[in-house]
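Engineer: Whole structure, please, built from the sequences with the hints as guidance.
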Amino acid sequence: MQLQSENRDGLLVISTPQMDIDASNADEFKKDTSTLLQGHHNIIMDLSNVGFMDSAGLGAILSMFKKIRADGGQFRVFGLSNEVKALFDLVRIRRLFEIHPDKESAVQAASG
Amino acid sequence: MNAVDMRATILSSSWNDGHIESMSGFNVPLGFSASEVYEEGEYEYRPGDVFLLYSDGVTEARNPSGKMFGIERLQQLLSDKYLLAPQLVIEAVRDAVTNFVGSTELADDLTCVCIKIPADYAGQIPPPTGELEISSNLGELAAIRAFIRGFCERRFSCDMDAKELGLLELAVSEVASNIIKHSYHGRTDRRIWIRVSKEQDILRVRLTHTGDSFQISGPIPRPSLDEPKEGGFGLFIISRLVTSIEYGQDAEGRQYVEFCKRLTKSGG
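For the protein sequence lines, the chains are A and B, in the order given. All residue numbers for the first sequence refer to our numbering, where the first residue is 1 and numbers rise by one. All residue numbers for the second sequence refer to our numbering, where the first residue is 1001 and numbers rise by one.
In short, the hints are calculated from the structure, not lab data. These numbers were taken from a predicted model, which means no experiment stands behind them. There's no promise every hint is true.
Said to hold, decoys possible - With the Cβ distance kept under 8 angstroms, some of the chain B side facing chain A (calculated, not the full set):
(1) 1051
(2) 1162
(3) 1234
Ideal Cβ placement from N, Cα and C applies to all residues, glycine included.
Structural biologist: Below, the structure written as structure tokens:
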């Protein structure tokens, strides 16, 4: 999976190619993000290229959150499509981490 | 339906609004090739609709000046003649073409079929349906979602906003995923049949399989996020996104999961 990461002032921003994250590739997403997380404690996940996510994809995002939290780090996401946002709202995931509308907002919150 | 020619099309003219549209097939005629895989299409008809199937011998007939009869002329003819009995519509097409050509000797065969839906047929129109058969492979989930999206976005199907459609795709994808993982235990060599139909404001989706049955029994509580687990959301999501869900066995002994979703124009 061709994930991209950008390191800016101690922030790690991870983005994806145009894709869906579902049961067919959620394990691969989890594995690849896990590799990128190592050594970082302030992570922002860019989901603006994710058109669809199912419960398996949600599980992979939660896996990221758990790893980061266990290391005492911070995790934020931005760029949710309306459909992915509806999924996140259904399981009330805002209780765990911040959801931002765009990159600027997420970076500002992470830098604060 | 493309029984005649690669470019045979269907015109319909509803007496309600006189709307005409064409449908085209891209296959060779039936019987032309044993290996041809025919593309199927669906059209929702209404009382009073008229279907005209014709070969290219109609639209490509040329007058002495070399000008073709053309689809526009045929559509205009149908607009003028659709109230006639089907046989009389066909005779009108034949007469129009031979008058245009200036001879009863035509260069190509002229084939025409006219089907009229009775004006009082309202109670007997079957609901629009779509069917898909796929392998039990998680890689097919995207194809299932595209199938549902395609059915719902066709003009005669559903009036849904993007969010409602997205949640419907999610529900179908989750059920299919559960069938693959839990009914078929991850086997990729099995089949899943998906059927979607719309009856008024109810969308009905049935997923049929030959694996172990699974059921959602009773209300599924929202998984706790206090100690968030990575799994366990699938059944909860399904239970929250559908209006009703039932399980059963069809006449061929296959298991099915069928759920209904009531459509809301204001969004899901």
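Engineer: For every hint, state whether the structure bears it out.
Structural biologist: Comparing the hints with the structure gives:
1. Here the hint on residue 1051 (chain B) is broken, as its CB sits about 37 angstroms from the closest CB of chain A, past 8 angstroms.
2. The interface hint given for residue 1162 (chain B) is met, as the beta carbon of that residue sits about 6 angstroms from the closest beta carbon of chain A, less than 8 angstroms.
3. At its closest, the beta carbon of residue 1234 (chain B) sits 4 angstroms from a beta carbon of chain A; the interface hint therefore holds under the 8 angstroms criterion.
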